[in-house]
Every structure is written in structure tokens, then in C-alpha cells.
Amino acid sequence: MLDLRFVCDNIDLVTEKLAKRNSKINLDEVVELAKERRASIKGVETLKAEKNQVSAQIAVMKRNKQNCDDLIVKMKIKGEEIKTLDDRLVVIEHRLNELMLDIPNLIDDSVPYGLDSNDNVELRRYLEPTAFDYTPKAHWEIGENLQILNVQQAAKITGARFTVYHGFGARLERAIMNFMLDTHTGNGYSEVFPPFMVNKDSMLGTGQLPKFEEDMYAIKNTDYYLVPTAEVPVTNLHRDEILRESDLPIRYCAYTACFRGEAGSAGRDTRGLIRQHQFNKVELVKFAHPSNSFEELESLTAEAEVILKLLKLPYRVVSLCSGDVGFSSCKTYDIEVWMPSYNRYVEISSCSNFIDFQARRANIKFRDANGKTQLVHTLNGSGLAIGRTTAAILENYQNADGTVTVPDVLVKYMGVNVIK
RNA sequence: GGAGAAAUACCCAAGAGGCCGAAGGGGCUCCCCUGCUAAGGGAGUAGUACGUGAUAAGCGUAGCGAGGGUUCAAAUCCCUCUUUCUCCGCCA
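Each residue of the first sequence is one higher than the last, beginning at 65 in this note's numbering.
I should point out that these hints are in silico values taken from the structure, not numbers from a laboratory. Keep in mind that a hint or two might mislead.
Calculated lysine to aspartate or glutamate pairs in the EDC-like style (CA-CA distance at most 16 Å, straight line) [what the hints assert, rightly or not]:
1. Lys-484 <-> Asp-465
2. Lys-275 <-> Asp-166
3. Lys-115 <-> Asp-150
4. Lys-264 <-> Asp-287
5. Lys-106 <-> Asp-151
6. Lys-429 <-> Asp-67
7. Lys-275 <-> Glu-162
8. Lys-99 <-> Asp-73
9. Lys-484 <-> Asp-151
Derived CB-CB ranges, DEER-like [unchecked claim]:
10. Asn-463 <-> Val-370: 22 to 32 Å
11. Arg-152 <-> Ala-123: 23 to 33 Å
12. Asp-197 <-> Phe-70: 54 to 64 Å
Treat the numbers as computed from the prediction; the structure is a model and nothing was measured. Even for Gly, the Cβ is constructed at its ideal location relative to N, Cα and C.
Using the sequences and the hints given, assemble the complete structure.
Here it is, written out as C-alpha cells:
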């Protein structure tokens with residue numbers, strides 16, 4: 065959420081920045097309601113102050129056994145007046161909140177301008193795309209041939225966009241998870257294992273609700289949602305807290321399964337592990353000081369890249385353009401792994417600085433040297449999506465005979481050098 | 001799932017319609033005293049959000065788990081919900 069005061073005081077700047085996102089938000093109603101809100105508050109609080117004063121007076125008179133029936137009658141009327149104004153204020157604030165919750169974050173000035181993902185800017189590459197002297201297979205074929213991935217069974221027991229892992233497939237997924245967590249904890253991240261269901265307040269806090277409700281799985285008969293990413297439970301760990309400045313940055317890594325409706329991607333990536341309703345992911349989350357959050361974004365991205373470097377998988381890093389940056393983010397780097405079957409790079413991590421956008425929604429602050437509270441900056445990035453890493457390994461490490469070589473760093477987790 | 005108890009400031013805890021934004025204790029901060037330490041004495045200790053103001057001081061409003069209600073007036077009475085604890089049932 066943006067700061068209401070800032071929006072009202074900087075209408076032109078905010079409008080301009082939203083336009084860069086191709087966002088069609090109209091701020092007129094916000095400004096109008098904000099004015100009305102202030103006027104209402106002034107009015108109602110003046111009346112409340114009066115009422116409080118007279119009530120205190122009544123208390124004294126009662127104690128002195130004086131008659132104060134006329135004051136009580138007066139205050140009864142005043143009370144009704146207050147109620148009317150208060151009700152109006154509630155309506156105004158409710159609507160204002162609704163509007164504010166739907167406004168995306170303002171993008172950073174360093175974000176390249178563009179309409180969609182075609183305008184994203186490549187920053188760097190690691191390794192060359194894997195070369196084959198035969199026609200490489202897609203991971204779903206490899207997985208099926210090795211009998212480690214089974215889509216038919218998943219379709220039977222659940223439905224489309226699910227996969228059952230068997231044998232070394234299941235083990236590979238688990239090996240990658242452990243390798244990632246071990247690497248990140250070795251780099252100073254504290255491991256967290258949160259619930260996979262969260263309440264509505266958490267989903268509001270990180271920005272999944274109210275706008276993206278149709279992509280989330282709500283659980284019947286409860287107020288809970290399946291987590292779409294560990295970002296939600298982990299960022300909300302410190303909701304409604306005032307952190308110690310000296311504790312910043314706080315760094316967490318967390319594995320969770322992630323659940324997404326994929327409402328807007330019917331027909332896309334229908335085969336394989338790339339786009340599933342349930343997938344595994346290790347997430348990196350930081351609570352950073354506002355003065356250096358963009359440096360923290362650089363290091364967070366680098367820390368996610370470490371995984372691909374250690375796995376020796378070719379990848380590139382792109383800076384998302386203004387039209388492609390997500391709703392809550394101020395600036396985002398995507399890490400894209402080389403996927404031979406797609407003959408292109410595929411997103412495997414998204415690293416974002418949300419600055420104070422989530423912190424304002426979730427009320428996460430710290431106390432500065434002057435004793436004042438300030439909003440923290442929150443960041444997160446996949447470190448990495450595990451299913452897509454499995455897919456990338458199967459494809460990039462495949463051999464002509466249909467086997468898959470196990471990356472060196474995973475051998476100790478897998479117990480074998482080759483998946484046959 | 002059933003039955004009971006509880007939720008008050010950094011922590012413990014009193015308070016049972018108005019003199020309560022809240023006794024008392026611990027802790028913490030500052031001061032005094034004492035070679036050091038321990039002990040002792042004194043003062044301070046609701047943060048926060050919003051409105052107003054100059055992004056100050058000050059003033060005002062809200063705030064005793066959350067949300068409603070009763071009342072001129074609610075920590076205190078009523079309703080709903082949440083969480084925690086104890087017991088029973090079920091269960092990995």
C-alpha cells in the first residue's frame with residue numbers, strides 16, 4: 065500500500081509512475097475521499113472532545129449529588145450526532161482502504177521502461193546454453209522414460225497440472241531442497257518451516273489479497289488459504305511488530321510447497337513441471353533497513369544465483385521492465401535458467417524489493433536511533449523454484465542414452481552419480 | 001468435537017460503571033550514596049495510530065485480546081469471535 069498522504073501530495077508523480085506500469089488507476093476518488101476523511105475526523109473528534117469533557121463534569125456533579133439531568137439529555141443528543149458522523153467516517157475509510165489496497169507499488173527510477181516481458185533488460189549471463197550433439201529431449205519425456213515422473217497418475221488422483229514423482233525423481237526433488245536450504249543457511253539465512261496455510265490478514269499483508277483472490281486456493285469452512293509462496297507466511301512472521309534496528313537485515317530462508325490457481329495461464333506450459341498448481345520452492349526473505357534495501361536486493365539476487373552456479377546450470381539475470389514488474393514490487397530481477405526443450409531461458413527465480421509497500425500493509429516497523437518508528441523494507445526472491453530446477457537438471461544434464469548425470473553438488477544427497 | 005478457566009503496559013499483577021490511560025511489584029533509564037561489588041535512597045518509564053500544528057512542542061481522538069452493543073459515561077455490564085491453558089474424546 066502506498067502512503068495516503070504521499071499520494072495526495074504528489075498526485076502528478078504517482079500518476080506518472082503508475083502510467084509506466086500501464087496501470088489504469090484513477091486517483092481522483094482517492095484524493096476526494098482523503099479530503100472528506102480529514103474533514104469528517106475533525107468534525108467527529110471535536111464533538112467527542114466536547115462529550116468527554118461534559119461527561120467528566122457529570123461525574124463530578126453526581127459525586128456532589130447535584131442534578132444534571134439536562135446535561136445528560138444534551139449529551140444523549142450529542143451522542144446520536146457523533147454516531148451519525150462516525151458511521152459516515154467508517155464508510156469513507158472503508159472505501160478509501162479498498163481503493164488504496166488496489167493501487168500497485170511505485171516502480172523505482174532504475175527500472176527500465178517497457179510494456180511487457182519482451183522489454184525486460186538482460187543484465188548478465190552465466191555459462192553458455194548447453195550444447196548437444198543429438199536432439200535433446202524435454203524433461204517430461206526424460207522423466208517418463210526413466211519412470212520418475214508420472215502425469216497420468218497425478219491426473220487420476222488429483223487432476224491436470226500435477227505430477228507424481230517416483231524413485232530418483234522424488235529423491236532428486238528432495239535432494240535439491242536440502243541442497244538449497246543447506247547453502248542458504250551456510251550463507252547466513254535462518255531456516256524457517258512455516259505452515260502452508262495462512263489467514264486472510266497474512267494474504268492482505270503481502271499483497272496477494274484482495275486483488276489476486278482468484279489465483280489463490282481458499283480452504284472451505286475456514287478463513288485460511290494455501291500459501292502461493294513462502295513469502296506470505298515468512299514476511300508475516302513480523303506483522304504488527306516493531307523490530308530492533310540493530311537486528312536488520314533479518315534474513316530467512318524457507319521451504320514450502322506453493323499452491324497457485326494459474327487462473328490466467330490456461331493452455332500455457334501444459335506439459336512438464338514448469339507450471340503446476342502445486343510446486344516446491346525455497347524462498348529467501350529479508351527485512352532490511354530503508355537506507356540499503358537496494359543493495360540488499362543485489363546481494364539477495366546473488367545469493368539465489370549461487371545455487372545455479374553450484375549446479376553449473378546456464379542462466380541469465382534480467383531486470384524486469386516497468387510493465388512487467390509485479391503488483392507489490394518496486395524493482396524485480398528475474399533469474400532465468402536455460403531450458404533446452406523451450407530453447408530459451410525460463411524464469412526460475414524472481415527477486416524483488418517491495419520497499420515499504422508490504423511493510424505498510426503488514427505494519428512492520430523498526431525503531432531508529434531517534435526512537436522514532438519507521439517502516440522496514442521487505443524483499444524476497446526464490447532461491448529457487450525446486451520443480452523448475454528439477455526440470456532444468458533433467459534437461460541440461462541428460463545423456464544420449466536417456467540417463468541423467470547427477471550434478472556434482474547433489475551426489476552426496478542422491479547417493480548415485482547417474483539416474484538410470 | 002465436548003466442559004471449564006483466562007487474555008490489562010517490557011514482564012508479573014490489582015482494578016468489578018464516573019476521582020482509571022490504569023494501584024503495586026519486577027525490569028529498564030537517569031540521579032544520589034557507598035574504595036570495587038552487593039545492598040540502599042530518589043526520579044522517570046504507553047508505546048502506537050490518526051487529526052491539528054512547521055515532518056517541532058503542545059492540544060485533541062482512539063486504545064485494557066478483536067469486533068459489535070447498552071450508557072451522558074465501559075478495563076469494568078451484554079453479545080459474537082480469536083488465542084492460550086486445564087480436563088475429556090478422537091488422532092499422525
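The hints, checked one at a time:
1. Lys-484 <-> Asp-465: 9 Å, holds
2. Lys-275 <-> Asp-166: 6 Å, holds
3. Lys-115 <-> Asp-150: With a Cα-Cα distance of about 14 Å, the restraint between Lys-115 and Asp-150 holds, given a limit of 16 Å.
4. Lys-264 <-> Asp-287: OK: Lys-264 and Asp-287 at ~6 Å, within 16 Å.
5. Lys-106 <-> Asp-151: Cα-Cα ~14 Å, so holds.
6. Lys-429 <-> Asp-67: Distance ~14 Å between Lys-429 and Asp-67 Cα, so the pair holds.
7. Lys-275 <-> Glu-162: 10 Å, holds
8. Lys-99 <-> Asp-73: It holds: about 12 Å lies between the C-alpha atoms, which stays within 16 Å.
9. Lys-484 <-> Asp-151: 69 Å, violated
10. Asn-463 <-> Val-370: 22 to 32 Å: Roughly 26 Å apart at Cβ, these two residues keep to the hinted range, so it holds.
11. Arg-152 <-> Ala-123: 23 to 33 Å: 29 Å, holds
12. Asp-197 <-> Phe-70: 54 to 64 Å: Given about 58 Å between the Cβ atoms, the range holds.
In summary, the structure is inconsistent with hint 9 from the numbered list given earlier, while agreeing with all the others.
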